[in-house]
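Protein chains: 2
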Amino acid sequence: MKVSRYRKEGGISYSLGATVTMEFLLRCPEDIESVILHPGFDSSAKEDILKICRGNGIEVSTDVKPFNILSQKENCFVIGVIRKKDMKIDAGDHVVLVNPSNSGNLGTIIRSCAGFGVTNIAVIPPAADHYDPKTVRASMGALARVKVEVFAGFEEYRKRFPGNNLYPFMLDGSVLLQETEIKSPFSLVMGNEATGLPPEYKDVGTPVRIEHTDAIDSLNLPIATSIGLYEATKSAFMQK
Amino acid sequence: MKVSRYRKEGGISYSLGATVTMEFLLRCPEDIESVILHPGFDSSAKEDILKICRGNGIEVSTDVKPFNILSQKENCFVIGVIRKKDMKIDAGDHVVLVNPSNSGNLGTIIRSCAGFGVTNIAVIPPAADHYDPKTVRASMGALARVKVEVFAGFEEYRKRFPGNNLYPFMLDGSVLLQETEIKSPFSLVMGNEATGLPPEYKDVGTPVRIEHTDAIDSLNLPIATSIGLYEATKSAFMQK
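Protein chains in written order, with our numbering: chain X, 16 to 255; chain C, 16 to 255.
Any given hint could be a false lead.
[Said to hold, decoys possible] List time: in silico DSSO-like cross-link candidates among lysine-lysine, alpha-carbon distance up to 30 Å: (1) X/K174 x X/K162; (2) X/K174 x X/K103; (3) C/K198 x X/K198; (4) C/K23 x X/K149; (5) X/K88 x C/K149; (6) C/K23 x X/K249; (7) C/K198 x C/K23; (8) C/K99 x C/K217; (9) C/K149 x X/K149; (10) C/K88 x X/K80; (11) X/K88 x C/K88; (12) C/K17 x C/K61; (13) C/K66 x C/K100; (14) X/K103 x X/K80; (15) C/K88 x C/K66; (16) C/K198 x C/K174; (17) C/K88 x C/K174; (18) C/K149 x X/K23; (19) X/K198 x C/K249; (20) C/K17 x C/K66; (21) X/K23 x C/K88; (22) X/K17 x X/K149; (23) C/K249 x X/K217; (24) C/K23 x X/K88; (25) X/K217 x X/K100; (26) C/K149 x C/K17; (27) C/K88 x X/K149; (28) X/K88 x C/K80; (29) C/K217 x X/K249; (30) C/K149 x C/K162; (31) C/K100 x C/K217; (32) C/K17 x C/K88; (33) X/K249 x C/K198; (34) C/K88 x C/K99; (35) X/K100 x X/K23; (36) X/K88 x X/K17; (37) C/K162 x C/K61; (38) C/K61 x C/K88; (39) C/K174 x C/K99.
Don't read these hints as lab results, they were simulated from the structure.
Generate coordinates for the entire structure from the input sequences, incorporating the hints supplied.
If you want it as C-alpha cells, here you go:
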C-alpha cells in the first residue's frame, strides 16, 4: 500500500491510530479505502479490526513505511485510508465556525459537538481543514459521527437556514450566556482563535458573552464552544 | 546568555513568546532572571519589554542561539528565563487535578482557571509539570496569575483543606452538574485524561457528571474542567 503525505487538495485523508480508525470502521466503513497495520501491532483490537474489514471488503496490509511517512507519534499502529466526501448539513441545531485556524482545535470542537449531540457543523472559510489528519485525530474519530459543511460565506449559510436562531459568541456580547435562553433550532456562531468574530456580528441575532476575569484575553476556542454547547443542550439532557 | 534544554529537576523554566513573557514581566518580574530577544524581533512590544526590564533590573540580551535550542515555533521572538518557585495554595475555591498527564492540557486548564477567577490549583502526582515550557505557553502566561501546589497525595490535600466541599467529576457521577449547587469553598476534582478518577472517588463528596451522548468516550479534560468552572462560578459573575 503506497501512501503520500496528506494534501488538502487530494481526495484522501488518514485516520492515525487504532481508536480513531475503529470509529470510522464502525460508523462509515464505506468511506475506508484500506487499512494499514504496523508490523508491531498486536493489541486485542486487531481481531476486531480484521473482522470489520473482512465483512466490508476493505483491503488490509501490513507495512512499516506508511507510518514513517504519515505519523510522528510512537504509539500509532493503525492507519485508515479515508475517502473524503462532500457533506451537507441538515436542518436543526448547528455550530457555525467562522475562520477557525487550528486543525487540533477544530478536531476538539468536533469531539465536543458529537458529545453534546449537535452533529451539524458549518465552517466559513478561510478555515482549518476538517479532513486534515490532525483534525481527524484530535476529534478522536468523532468526525465519523458528524457532518461538516464548508460554506462560501456566512450569508450563504444564513440563507440556507433562515429559521435558525443565531447566537454569535463575542467578548462584548450584549447578554450573558447564563442569562440567555438558547432556543432551538440554534446556531452557536464562534470566531477565530486570535481575533474572534468581526464586529459586524453584533448585529446578528443575539450576541452572547461568556464572562471571565480580565486575567485572560479570552477563553480557548474549543472551551468557549463547548461551554456554549453545554449550556444550549443541558435542559435536553435533564429531561432524559 | 547561555541556556540549556528545559529540565524538570532544574530550577529554571522558560516563557516562549512575547505575550507569555509579558505576563510574567507584569505579574511577577521578581521571578524573571533575564530576557532574551531574537535579533529579528522588531514588534511594538519591544519598547514595553525593555522598559519593564530596565525598571526591574532584569538583564536583556539579544542572541539567536537560545531560540534554536528552546523553541521549535517560528513565531517565537522573546524568551523569558524564569526562576521556579514553590507555591502554596490559599484557602478558598480550588481545582484539584489528579494525575493530569499532558502539559498542554495543564496549561489550558490554568488559563481557564485564571479566566474564571479560581486561582488556586492543587496537583496530585504523577502529573505533568506545571513549569514545563509547553505548560507555560499553553497557559498563555496565566501561570503568572495563579498558584499551583503539588501535594504528596489526595489525602494530604484533603487534610489541609478539610472544610472544602469536594466535587469529583466522574463519568458515572451520581448527580448531573446542571442539577448540582456547587457550594464555596469548592474543590472541583478532575482525573487523568485517559482513565479519569479512580473508582474510590465516588465515595468522596458529591460525584458529579457532565452528561454527554455515547458518541464519545469522554470530553477532553480542559473542556470538562472549564465547564465545571463555568457552572461553579456563573452565579458570582451574574451578581456583578
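Verification of the hints:
no. : hint            : verdict
1   : X/K174 x X/K162 : holds (18 Å)
2   : X/K174 x X/K103 : holds (14 Å)
3   : C/K198 x X/K198 : holds (29 Å)
4   : C/K23 x X/K149  : holds (28 Å)
5   : X/K88 x C/K149  : holds (17 Å)
6   : C/K23 x X/K249  : violated (41 Å)
7   : C/K198 x C/K23  : violated (36 Å)
8   : C/K99 x C/K217  : violated (35 Å)
9   : C/K149 x X/K149 : holds (19 Å)
10  : C/K88 x X/K80   : holds (27 Å)
11  : X/K88 x C/K88   : holds (19 Å)
12  : C/K17 x C/K61   : holds (21 Å)
13  : C/K66 x C/K100  : holds (24 Å)
14  : X/K103 x X/K80  : violated (35 Å)
15  : C/K88 x C/K66   : holds (26 Å)
16  : C/K198 x C/K174 : holds (19 Å)
17  : C/K88 x C/K174  : violated (42 Å)
18  : C/K149 x X/K23  : holds (28 Å)
19  : X/K198 x C/K249 : holds (20 Å)
20  : C/K17 x C/K66   : holds (23 Å)
21  : X/K23 x C/K88   : holds (22 Å)
22  : X/K17 x X/K149  : holds (20 Å)
23  : C/K249 x X/K217 : holds (23 Å)
24  : C/K23 x X/K88   : holds (22 Å)
25  : X/K217 x X/K100 : violated (34 Å)
26  : C/K149 x C/K17  : holds (20 Å)
27  : C/K88 x X/K149  : holds (17 Å)
28  : X/K88 x C/K80   : holds (27 Å)
29  : C/K217 x X/K249 : holds (23 Å)
30  : C/K149 x C/K162 : holds (17 Å)
31  : C/K100 x C/K217 : violated (34 Å)
32  : C/K17 x C/K88   : holds (19 Å)
33  : X/K249 x C/K198 : holds (20 Å)
34  : C/K88 x C/K99   : holds (23 Å)
35  : X/K100 x X/K23  : holds (13 Å)
36  : X/K88 x X/K17   : holds (19 Å)
37  : C/K162 x C/K61  : holds (28 Å)
38  : C/K61 x C/K88   : holds (19 Å)
39  : C/K174 x C/K99  : holds (26 Å)
This entry does not satisfy hints 6, 7, 8, 14, 17, 25, 31, going by the numbered hints stated previously.
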